[in-house]
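Novice: Each chain, written out:
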Amino acid sequence: MEEDIRIYVEEAPGQRREIIAPTDMGLSLMEVLKASGYDIMATCGGMALCATCHVEVLAGPALFEPNDDELDMLETLPVIHPGSRLSCQIRLTPQTDGLVVRLAPTGA
Amino acid sequence: MPNVISTDICIVGAGPVGLFAVFEAGLLKLRCHVVDALPQPGGQLSEIYPKKPIYDIPGFPEILAGDLVTNLIKQIEPFHPTFTLGERVERFAKLDDGSFQLYTTDGTEIQCKAVAIAGGLGSFEPRKPAVENLEQFEGGKGVHYMVRDPEHFRDQKIVIAGGGDSALDWTNFLANVAADVTLVHRGTTFRGAADSAEKVKTLAEAGKIKLVLSSNVTHLHGNGKLAQVTITGNDGTAETVPLDHFIPLFGLTPKLGPIGEWGLELTDDAIVVDTLDYSTSLPGVFAIGDINTYPGKLKLILCGFHEAALMCQGAFKYIYPDKKYTLKYTTVNGVPTL
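First to last, the protein sequences are chains A and B. So the first sequence is numbered by UniProt numbering: it starts at 1 and just counts up by one. So the second sequence is numbered by UniProt numbering: it starts at 1 and just counts up by one.
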């Protein structure tokens, strides 16, 4: 499909896995990561209410700013990074092509 | 004297699916006892998103998660289910006569003829900060992940960590109870309820509490009992302070917990079931809702309701292998009571 994009998951330093994701299904990054076999609980199903889909954005295109719900939830976490986001709030579109993320440790 | 409860089906998990299982069991005149680690029924609907609307419950174009729980509780009232809330089922044993005994963290014993695990994603456990020797001081040695009894901290020196509502609320409350309260937050601002955040600032300005921003608790020290913590700033400066209790409050996160060690067949932390009656690999133990897995599994509340109905048929046959049962419709007979 012409609208497919590539996102990259840094599984270890210098080791990035490429994932091809469609952009015509309204998927979130969380949904694509889950479907790609990553161990993400996403307890709340994508409502920015559980923070179990926490990722760190390492590189790639500029994303829209997180909304209040997402910022509130990130605030409760013990550790965040400058690029911390909830992957359920990142909608995959042609503009997110080339995004590089790292998954936060489970339970953190 | 331990608390002993006797019932037909012990339902582990008081989420929507566990609650509806009480209804389906009641139609078969089976009594239920429901256990949940959370202090209130409803599971994640009550704990995580009570104010969020759900759109895929048949017959309800839109219903708030909290209202669905209220309705479910009303719906099962005629069957007088009993509850043990705020306790987690820790151990379970199958007896020679095919019945079961379950034991909770607080020593409650439940004797039952069948077990229905409706544990969702597991029990909600406190999210722990990444501090190396945190676990060494758990269990009464100075680290607490929740405030059960504020009196426990009277006239004590405490350090609270976190930036969410519970960290703010407990800081405000314990400021009047504890001898010395320090709140450590890795950020510079609080996004929690504006009035709690304001109150914390006012208390800090008045010198009633100590507010340490842009910092984390990084080390715990003590010999068998917590005595000091090291607080490290984002700029690298570190300070070690004496204390009696460290209370990290970073919200809850679900964990499969002890269910994973009950010897049931699992795949990817989910319990494998037979879709005939949602029985597990151990006869008499059933699993319904988000905690089970089978080909085609969909984690939907409505699928869990369906599973609950079929599970109860299986549980009835397990408990009364010689009795015949014919399906009765509530439209014909109304709802029986127990």
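Worth flagging that the hints you see were computed from the coordinates, not collected in a lab. Computed from a predicted model, the values in this text were never measured in an experiment. Hints are not guaranteed to be accurate.
What the hints assert, rightly or not - Pairwise CB distance ranges (calculated):
hint: 1; chain 1: A; residue 1: F64; chain 2: B; residue 2: K328; range: 51 to 59 Å
hint: 2; chain 1: A; residue 1: M47; chain 2: B; residue 2: D195; range: 22 to 30 Å
hint: 3; chain 1: B; residue 1: H221; chain 2: A; residue 2: P13; range: 57 to 65 Å
Said to hold, decoys possible - Computed, partial: chain A to chain B, Cβ under 8 Å:
hint: 4; residue: M25
hint: 5; residue: L27
hint: 6; residue: M41
hint: 7; residue: A48
hint: 8; residue: L71
hint: 9; residue: T76
hint: 10; residue: V79
All C-beta atoms in this analysis are idealised placements derived from N, C-alpha and C, irrespective of residue type, glycine included.
Novice: Does each hint hold? Answer for all of them.
Specialist: Hint check:
1. A:F64 <-> B:K328: 51 to 59 Å: 55 Å Cβ-Cβ, so the 51 to 59 Å window holds.
2. A:M47 <-> B:D195: 22 to 30 Å: holds, 25 Å
3. B:H221 <-> A:P13: 57 to 65 Å: violated, 32 Å
4. M25: At about 17 Å, which exceeds the 8 Å cut-off, the nearest Cβ of chain B leaves the hint on M25 of chain A violated.
5. L27: violated, 17 Å
6. M41: holds, 6 Å
7. A48: violated, 10 Å
8. L71: holds, 6 Å
9. T76: Holds: closest Cβ of chain B sits about 4 Å from T76 of chain A, inside 8 Å.
10. V79: holds, 6 Å
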